[in-house]
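Participant: If you want the building blocks of each chain, they are given just below.
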Amino acid sequence: MILRRPVFWLILVFAALMAFVPLHANNVSMREDLILVAIAIILASNLNLMIGYTGYVNFGHIVFYGLGGYVGLYLATVRSWNLVLAALTAGLVVSLFALALGMGILRLRGAYFALATIGVLQAVQSFVANFDPWGRSTGMYVAFDAYERLGGARHALWTTYFLVIGVMALSMILSLGIKISKFGLGLFAIREDEDAALVLGVNTTVFKAIIYSVSAFLPAVAGALMFYKNGMIDPSIAFEFMLSLEGIVMLMLGGKGTVVGAALGGGLYEKLRSYLLTSPKFSNFQLVIAGGLLLLVVLFAPGGLIGWLYRLVPRARKVIE
Amino acid sequence: MKRLVLAVFVLVALFVTTGFAQTLTVGFTVSNTGSMNVDSVEQLHGFELWRDQVNAAGGIKAGGKNYKIQFVSYDDESNSKRVQQLYSRLILQDKADFLFSPYSSPLTATAAIVTEQYEKVMLTTGAAEGKTYTLGNHYLFQMFTPGAEYLKGVLDMLKTKDPKAAVAFVYEDSSFSVSVVNPAKAYAQQLGFNVAFSEAYAPNTTDFSAIIDKVIASKSTVLLGGGHYADGSTLARQVYSHKVPLKMVTLLVAPDSPKWGELGDAAVGVIVPSQWEPQTAFKAQYGPSGADFAKAYAGKYNTPPSYESAGGYACGLVLQRAIEQAGGPDTAKVAAALNATDITTFYGRTKFSTAANEHGLQVGHAMVLAQWQKDKSGALVKQVVWPLAAKSANLVYPIH
Numbered sequence: 007m008i009l010r011r012p013v014f015w016l017i018l019v020f021a022a023l024m025a026f027v028p029l030h031a032n033n034v035s036m037r038e039d040l041i042l043v044a045i046a047i048i049l050a051s052n053l054n055l056m057i058g059y060t061g062y063v064n065f066g067h068i069v070f071y072g073l074g075g076y077v078g079l080y081l082a083t084v085r086s087w088n089l090v091l092a093a094l095t096a097g098l099v100v101s102l103f104a105l106a107l108g109m110g111i112l113r114l115r116g117a118y119f120a121l122a123t124i125g126v127l128q129a130v131q132s133f134v135a136n137f138d139p140w141g142r143s144t145g146m147y148v149a150f151d152a153y154e155r156l157g158g159a160r161h162a163l164w165t166t167y168f169l170v171i172g173v174m175a176l177s178m179i180l181s182l183g184i185k186i187s188k189f190g191l192g193l194f195a196i197r198e199d200e201d202a203a204l205v206l207g208v209n210t211t212v213f214k215a216i217i218y219s220v221s222a223f224l225p226a227v228a229g230a231l232m233f234y235k236n237g238m239i240d241p242s243i244a245f246e247f248m249l250s251l252e253g254i255v256m257l258m259l260g261g262k263g264t265v266v267g268a269a270l271g272g273g274l275y276e277k278l279r280s281y282l283l284t285s286p287k288f289s290n291f292q293l294v295i296a297g298g299l300l301l302l303v304v305l306f307a308p309g310g311l312i313g314w315l316y317r318l319v320p321r322a323r324k325v326i327e
Numbered sequence: 006m007k008r009l010v011l012a013v014f015v016l017v018a019l020f021v022t023t024g025f026a027q028t029l030t031v032g033f034t035v036s037n038t039g040s041m042n043v044d045s046v047e048q049l050h051g052f053e054l055w056r057d058q059v060n061a062a063g064g065i066k067a068g069g070k071n072y073k074i075q076f077v078s079y080d081d082e083s084n085s086k087r088v089q090q091l092y093s094r095l096i097l098q099d100k101a102d103f104l105f106s107p108y109s110s111p112l113t114a115t116a117a118i119v120t121e122q123y124e125k126v127m128l129t130t131g132a133a134e135g136k137t138y139t140l141g142n143h144y145l146f147q148m149f150t151p152g153a154e155y156l157k158g159v160l161d162m163l164k165t166k167d168p169k170a171a172v173a174f175v176y177e178d179s180s181f182s183v184s185v186v187n188p189a190k191a192y193a194q195q196l197g198f199n200v201a202f203s204e205a206y207a208p209n210t211t212d213f214s215a216i217i218d219k220v221i222a223s224k225s226t227v228l229l230g231g232g233h234y235a236d237g238s239t240l241a242r243q244v245y246s247h248k249v250p251l252k253m254v255t256l257l258v259a260p261d262s263p264k265w266g267e268l269g270d271a272a273v274g275v276i277v278p279s280q281w282e283p284q285t286a287f288k289a290q291y292g293p294s295g296a297d298f299a300k301a302y303a304g305k306y307n308t309p310p311s312y313e314s315a316g317g318y319a320c321g322l323v324l325q326r327a328i329e330q331a332g333g334p335d336t337a338k339v340a341a342a343l344n345a346t347d348i349t350t351f352y353g354r355t356k357f358s359t360a361a362n363e364h365g366l367q368v369g370h371a372m373v374l375a376q377w378q379k380d381k382s383g384a385l386v387k388q389v390v391w392p393l394a395a396k397s398a399n400l401v402y403p404i405h
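If you read the protein sequences in the order shown, they are chains A and B.
The first sequence begins at 7 in the working numbering and counts up one residue at a time.
The second sequence begins at 6 in the working numbering and counts up one residue at a time.
The hints are simulated quantities; they were obtained by calculation from the structure and are not laboratory data.
Note that CB positions come from ideal geometry on N, CA and C, so glycine has one too.
One or more of the hints may lead you astray.
[Said to hold, decoys possible] Examples of chain A residues lying across from chain B (beta carbon under 8 Å, computed): (1) 39; (2) 42; (3) 137; (4) 139; (5) 143; (6) 149; (7) 151; (8) 159; (9) 283; (10) 289.
[To be verified] Facing chain B, a subset of chain A residues (Cβ under 10 Å, in silico): (11) 38; (12) 145; (13) 158; (14) 163; (15) 239; (16) 292; (17) 313.
[To be verified] In silico BS3-like cross-links for lysine-lysine, where the CA-CA straight-line distance does not exceed 25 Å: (18) B:100 to B:248; (19) B:164 to B:224; (20) A:277 to B:100; (21) B:379 to B:396; (22) B:224 to B:169; (23) B:66 to B:288; (24) B:86 to A:287; (25) B:86 to A:277; (26) B:157 to B:252; (27) B:338 to B:70; (28) A:287 to B:100.
With the sequences and hints as input, model every part of the structure.
Facilitator: Below is the structure:
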């Protein structure tokens, strides 16, 4: 039962704090900082389903986020749909796309799969850059008055913030739910030894395609919300390879394969980058410091922060999953 | 005792003099890192030169007060992801009175969502894409000529030289280039030119031979297009080495850079539409002359100003004039003064559209065309060839 897991309640408390604190303080700067933290957690948690649980490195994970952004923005602006409905539809469409794609490319293993995911990212980007209804390479813009439907821009940005926090909480709960399920065990079996899992009766191709599709849903919803808030989308912003790589770094930092690790890595990495960027002391060499710190983590705590915590306090394993 | 009195006197004097000059904060982000670093930093240098000159002259004088300028800026990493976070911070934490835009159209569009909701004036420079201004804003003011106008001058000039030219469009498949080329194509057809070939290439393309073969096969006599520095310079080099029989080559952005001269013979004859060139002799009604600006800029940064730098400086100048006319930094009054602005500075004419469906769009500024030519000593120099009133040399046509 998921309700008996302390982490489940921790996630709810964390999400409630994230939502309540900036609202209570009416602090928009804090909200803008935290929404990027939430997005990082969403991306890292869902990427963790592929990398941490199944052992498949997905370099093109950002494709779901970008595609979700496109579908969502198209429905919410050109088709004037309700934002929540547009975002959910975007999630569904992108998930189905991932399922169809996954059945094909997940027959590949190891480095070949990783390469194929880069190919998918490039192919989707090229397609979108030539797709007329989505504005080709000039992208789509949100008219300022589009926010009026949500009670004006100020109100709309708060609404999007709470929705993103909701998606963040769902991402973490989804990670936990899968981790403690039989389906999750099947994924771990694939990660440890795919051939053995096959012999034991795990339909590896279907399992992999399903998790690939599931890992696409919430990032796509988040993409729809985030690009709506952003006010515009174009292929270079939507499908940024660097953000895909950063997702992997977040997982390494927090500890892949764990629910809290993925979220912690995502949150900390974003906070760190954000602090260095705006700090008058460090802003000129922020990339050097960020790079150096990550190098230290990889060298001295290869299991990430959570792995390090497990080694230090073995009992923590029972509470912090 | 005497010393004490003197010290108190000095302190009071200091307090009084600093008390007179108030400070205005102008906020913006700069691409200190990432792909737009070079252009963005040139723009920043323009901002900084303006600030230093204003402060050295005692600040902006408006409504009987003096306002010194201070900047707050952050690195946006050439990425729109963080732009809203940083502009919110500039407005809410750093209490910026006015804002300048980031460099590039996508980043500016993203920042505008934030500046509009806080009803803050943002002067945009380095952002030519016109779409942002058609979305119902009230406080955006564009310094650059919109993208749709970039290639119109070239086509007008071509019409006077060779109305039967066959035109090929070869351009980067990016937001900026597409927004420039699409209206240009329509304008070329409107002028009666034969658009013989048109193809977009992926950003980062390094081998243009297939496209060049198609250009040759289409019997085009004029090539328009390009995108940014890397692809534009490669395209020019390969067009030259393939000995394509073209009478004119016009590329966006790249040939404006002083580095273009390093291409040697491949650089000769190439035309670039430019927001501003040091040779353009506009009679400034306000602010320094072009020559004074270029001299001060070169003195401070040891390099001639690019049009990004000029746009940055002019941005400050237009804001300064609006604050003076508004009698202080009140946002509504400054916005009204900007709406009424119609002024010629060293940068050319500046006038913003006040139509509700395109508020803030630049409608006064005109592009100039610069062509790389060899001077008497055989050295490569950029000459202004269009409009004729501002030319520093005659157009070389055909180039071969």
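Participant: With a cut-off of 10 Å, does the beta carbon of residue 158 of chain A approach a beta carbon of chain B closely enough for the hint to hold?
Facilitator: holds, 8 Å
Participant: Residue 86 of chain B and residue 287 of chain A were given as a pair; does the straight-line alpha-carbon distance stay at or below 25 Å?
Facilitator: Distance ~22 Å between residue 86 of chain B and residue 287 of chain A Cα, so the pair holds.
Participant: Does residue 163 of chain A hold up as a contact with chain B if the rule is Cβ-Cβ below 10 Å?
Facilitator: holds, 7 Å
Participant: Double-check residue 137 of chain A for me: the hint is only fine if its C-beta lies closer than 8 Å to a C-beta in chain B.
Facilitator: violated, 12 Å
Participant: Taken at face value, is the distance from the CA of residue 224 of chain B to the CA of residue 164 of chain B at most 25 Å?
Facilitator: holds, 18 Å
Participant: Measuring from the C-beta of residue 283 of chain A to each C-beta in chain B, is the shortest one below 8 Å?
Facilitator: For residue 283 of chain A, the interface hint holds, since the closest Cβ of chain B sits about 6 Å away, which is under 8 Å.
Participant: Compare the distance between the alpha carbons of residue 338 of chain B and residue 70 of chain B with 25 Å, and conclude whether the hinted pair is satisfied.
Facilitator: Between residue 338 of chain B and residue 70 of chain B the Cα gap is close to 16 Å, so the pair holds against 25 Å.
Participant: For the restraint on residue 42 of chain A, tell me whether the closest CB of chain B is nearer than 8 Å.
Facilitator: holds, 6 Å
Participant: Any CB of chain B closer than 8 Å to the CB of residue 159 of chain A?
Facilitator: holds, 4 Å
Participant: Classify the hint on residue 149 of chain A as holds or violated, based on whether any CB of chain B lies nearer than 8 Å to its CB.
Facilitator: Status holds, d = 4 Å.
Participant: Holds or violated: residue 379 of chain B and residue 396 of chain B, Cα atoms, limit 25 Å.
Facilitator: Roughly 16 Å between the alpha carbons, so the hint for residue 379 of chain B and residue 396 of chain B holds.
Participant: Given the hinted pair residue 157 of chain B and residue 252 of chain B, is their alpha-carbon gap at most 25 Å?
Facilitator: Distance of about 18 Å is within 25 Å: holds.
Hints 3, 4, 17 and 18, counting from the list given before, are not met by this structure.
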